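Novice: Spelled out, the chains give:
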Amino acid sequence: MISICSVDIDSIAVGFGSRPLGVKARNSLLHLLESNSVLEIDFHNRSIAPSFADECLGQLAARLGLPDFKRRIRLLNVCESTKPLVRHVVLRRCSEAAAEAAAQ
Amino acid sequence: MIAILSCSVMRHSTPKDIESWLAAVQSPALGGGGREPLFLKPFHLATLALAMRRHPVRCTELPPKLRRYAHTMRLWDTLDRPAPPLFRAVRRHTASTHAPLERLRDERRIDDTTDNLLRLFKPLRLNQATMNALQTMLFELMGNCFAHAGVQDGMAGVVCAQVWPKGRRAQITLADAGVDIRASLAKNTALSSRLAAENSCELATFYGVSSKPKAGHSGYGLTVARKLLEQIGGTLYIRSGKEAFFTASNIQHYFPTAVSFDGCLLVIEWDLDRPMDVVAVYEEFPLPEGVTEDDLYM
Chain V
289 MISICSVDID SIAVGFGSRP LGVKARNSLL HLLESNSVLE IDFHNRSIAP
339 SFADECLGQL AARLGLPDFK RRIRLLNVCE STKPLVRHVV LRRCSEAAAE
389 AAAQ
Chain U
115 MIAILSCSVM RHSTPKDIES WLAAVQSPAL GGGGREPLFL KPFHLATLAL
165 AMRRHPVRCT ELPPKLRRYA HTMRLWDTLD RPAPPLFRAV RRHTASTHAP
215 LERLRDERRI DDTTDNLLRL FKPLRLNQAT MNALQTMLFE LMGNCFAHAG
265 VQDGMAGVVC AQVWPKGRRA QITLADAGVD IRASLAKNTA LSSRLAAENS
315 CELATFYGVS SKPKAGHSGY GLTVARKLLE QIGGTLYIRS GKEAFFTASN
365 IQHYFPTAVS FDGCLLVIEW DLDRPMDVVA VYEEFPLPEG VTEDDLYM
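One line per chain: the protein sequences are V and U, in this order. Residue numbering for the first sequence follows the working numbering, starting at 289 and increasing by one per position. Residue numbering for the second sequence follows the working numbering, starting at 115 and increasing by one per position.
The shape of chain V in the complex, shown without the other chains (with noise of 0.2 Å):
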């Protein structure tokens, strides 16, 4: 049985500009995926900032791998301007800890 939980971007993040929030939605994520299969997450196309969508995302991704990450995260409403800055820190995050995997 899928279990999944939408997830309004204001109920995690009380703001889109920093690493620390970033931080703190990215933990918020954590814990609800730890509940739910799927985590379908509504950015109401607000701009957010390459530091917040790294932590946020990116490391959300690094930790629960590409394949996971695409099973499991569903990002809607994401504002055009900032689907490039997504794509970028989920890759390079993912390629980081893959890299990183195969060297121990």
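It is worth saying that the hints were derived from the structure and are not from the lab. If you're wondering where the values come from, they're calculated on a predicted model, not measured in any experiment. Treat the hints loosely; a few may be bogus.
Over 10 Å on every C-beta distance to chain V, these chain U residues come out as not near it, computed from the model [stated by the list, open to error]: (1) Pro198; (2) Asn302; (3) His367.
Facing chain V, a subset of chain U residues (Cβ under 7 Å, in silico) [what the hints assert, rightly or not]: (4) Thr250; (5) Gly257; (6) Tyr396.
Idealized CB from N, CA, C, for every residue including glycine.
Starting from the known structure of chain V, arrange chain U on it as the hints suggest.
Specialist: Relative to the frame of chain V, chain U by itself:
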């Protein structure tokens, strides 16, 4: 006549303007009748605020025009000091052209501080892409202040801005009294050979250059700022320790300086009619080797 000109027309800031001011602001002559700049801008006040934090006795000894500008930019509030009595009754109507000095105290308030600054640009009819780009640049540069400031007194740095609507120009200045860029990058041993050969202020603008890669930092701030300013032929002046990097109209200079600046000073100046596009900056970021683009969105 000079006063009227100084309010309406803005001459581009040059490295010489900034360097001569940095020498003056650290000199005891500033408070004792030293020459004040003809055209005051945010960078004068941001650096003055940091200098006065270190040398409190200068409060009431500023030259007259500088004192008025300091009042407009709320220098005294920023330093948590009472304004000199002479100025308490004087309030110029500058809300639409000046974003007064704001102390960077709490990284969680970066969004609010950015909103305050962006309010200045809303009446100027910049397009949404430019507003997004400015927001992103400010988020990242303020984040850098907190990451490198080594805060001891609740003041990671200061930020302020001014627009000249008739001249269609703007300046934003951020300054902190934290760790020099060179000292900060030296913590990343992978950069040792490049640091030995290159100007640290320019090095910090390259993609992926960070002092704390293992702590999750990626060095986006100055990379995004440089790329956005170069998109539009704007000015970015980065000053730290005894080094400077300057890009203006897409011509870059880097040079050693005579005076040391403890911390980091960023002066950003541009033509308000030139639109910025942060998406183009993101699309220039390289993808890791062997990785193909995936559609991550529903």
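Novice: Could you work out which of the previously given hints the structure breaks and list their numbers from low to high?
Specialist: Violated hints: none; all satisfied.
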